[in-house]
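Asks: Whole structure, please, built from the sequences with the hints as guidance.
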Amino acid sequence: MGTKYPHPPELGFTVAARCPKTKVKSAHPLAKSQLRKDRQPSAYASRIKVLHKYLEELYTRCRMPTSEFPEWLKILLTALAAFAVGIVAEPIKLIISHWYKRRNMRRSLYSELANNYGHLSMFLRERARPIEDFYLFCETEGFPTDVYQWAKSQLDVFYQLREAGAIDNIYRNIDWAFSDAGGGEQDETTPEHRALLAMSIFENHIRAGNLKLSLFRRVNRPAYELCRDLRDSKIESAEDLINRMQIAATK
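Be aware that the sequence shown starts at 1, since it is given in this note's numbering, and climbs by one per residue.
Worth flagging that the hints you see were computed from the coordinates, not collected in a lab. Some hints here could point you the wrong way.
[Said to hold, decoys possible] With a straight-line cut-off of 25 Å between C-alpha atoms, the simulated DSS-like cross-links for lysine-lysine are:
id : residue 1 : residue 2
1  : K101      : K53
2  : K152      : K93
3  : K212      : K101
4  : K53       : K74
5  : K212      : K152
6  : K234      : K212
[As the list claims (entries may be wrong)] Taking CB as the label site, the calculated pair distances span:
id : residue 1 : residue 2 : range
7  : A79       : S46       : 25 to 35 Å
8  : D168      : L80       : 40 to 50 Å
9  : V85       : E239      : 51 to 61 Å
10 : R217      : L76       : 51 to 61 Å
11 : L136      : D232      : 27 to 37 Å
12 : E225      : I87       : 44 to 54 Å
Ideal Cβ placement from N, Cα and C applies to all residues, glycine included.
Replies: Here it is in structure tokens:
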């Protein structure tokens with residue numbers, strides 16, 4: 001037994017000296033009542049105990065065989081499972097749908113750009129056909145922008161593309177170059193000169209890396225080879241052709 005040491009009565013407590021730990025007991029009646037009041041469970045703690053009880057019951061029932069489940073529990077679990085699957089599946093469905101739309105739109109735009117660039121290169125760089133055929137091509141077939149117009153009708157998808165700004169710039173110049181096609185002298189108002197300017201805008205975006213060469217390789221192999229040779233400076237650029245045309249016009 002420990003030794004009790006007397007203390008002045010006004011302190012209202014005694015100390016039981018024990019080794020190695022000293023235990024302090026309160027003897028003051030007000031202190032005891034306050035301690036009992038603090039130990040009373042609050043309404044929040046009571047709700048936690050009730051919830052804990054229901055969760056224990058649910059866990060016990062879930063460990064039972066399925067055939068022994070009460071009908072209300074089967075309905076509840078089915079509803080909860082369907083709700084959880086819906087919450088998880090809907091965002092994934094939207095993400096996949098948007099990715100698929102962007103992918104198809106990007107490939108379609110690259111295909112149209114590759115075809116237009118291939119025609120421009122054939123007429124103006126390689127001179128595979130006479131310039132009169134270029135004027136005839138502008139008047140009859142022209143350079144299509146159908147895919148671009150379709151893409152611009154879905155702005156929420158189009159402007160999610162990394163190349164949206166570059167594609168806008170290219171098509172604006174194509175529209176300006178062929179808005180008033182026709183023959184004439186080789187000056188700044190002819191379709192040939194305007195087409196070369198539009199072609200140079202496309203090539204500038206290729207050299208700057210704003211368009212992906214890997215996508216051109218998938219949709220149009222000849223256009224990809226032209227873009228690759230342009231990037232590696234193996235062929236004459238549209239700017240070189242414009243400079244050569246201006247020098248020839250001054251002579």
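Asks: Starting from the range 44 to 54 Å, see whether the pair E225 and I87 falls in it by beta-carbon distance.
Replies: 49 Å, holds
Asks: Would you mind confirming whether the straight-line C-alpha gap from K101 to K53 stays at or under 25 Å?
Replies: 50 Å, violated
Asks: Taking the Cβ atom of A79 and the Cβ atom of S46, is their distance within the range 25 to 35 Å?
Replies: 28 Å, holds
Asks: If you check the beta carbons of L136 and D232, does the distance land in 27 to 37 Å?
Replies: 33 Å, holds
Asks: Is it true that the CA of K234 sits at most 25 Å from the CA of K212?
Replies: 19 Å, holds
Asks: Taking only the CA atoms, is the gap from K152 to K93 under or equal to 25 Å?
Replies: 24 Å, holds
Asks: Could you check the hint for me, namely that D168 and L80 are 40 to 50 Å apart, CB to CB?
Replies: Holds - the Cβ-Cβ distance for D168 and L80, about 48 Å, lies within 40 to 50 Å.
Asks: Take the C-alpha atoms of K212 and K101, compute the straight-line distance between them, and say whether it is at most 25 Å.
Replies: This hinted pair holds, its Cα atoms lying about 18 Å apart.
Asks: Check whether the Cα positions of K212 and K152 lie no farther apart than 25 Å.
Replies: 20 Å, holds
Asks: Holds or violated: the 51 to 61 Å window for the beta-carbon distance between R217 and L76?
Replies: Holds, at about 55 Å.
Asks: Could you see if the CB distance from V85 to E239 stays within 51 to 61 Å?
Replies: Once the Cβ atoms are compared, 57 Å apart, the range 51 to 61 Å for E239 and V85 holds.
Asks: Mind checking the alpha carbons of K53 and K74 for me, to see if they're no more than 25 Å apart?
Replies: 20 Å, holds
Going down the numbered hints, you'll see the structure goes against just number 1.
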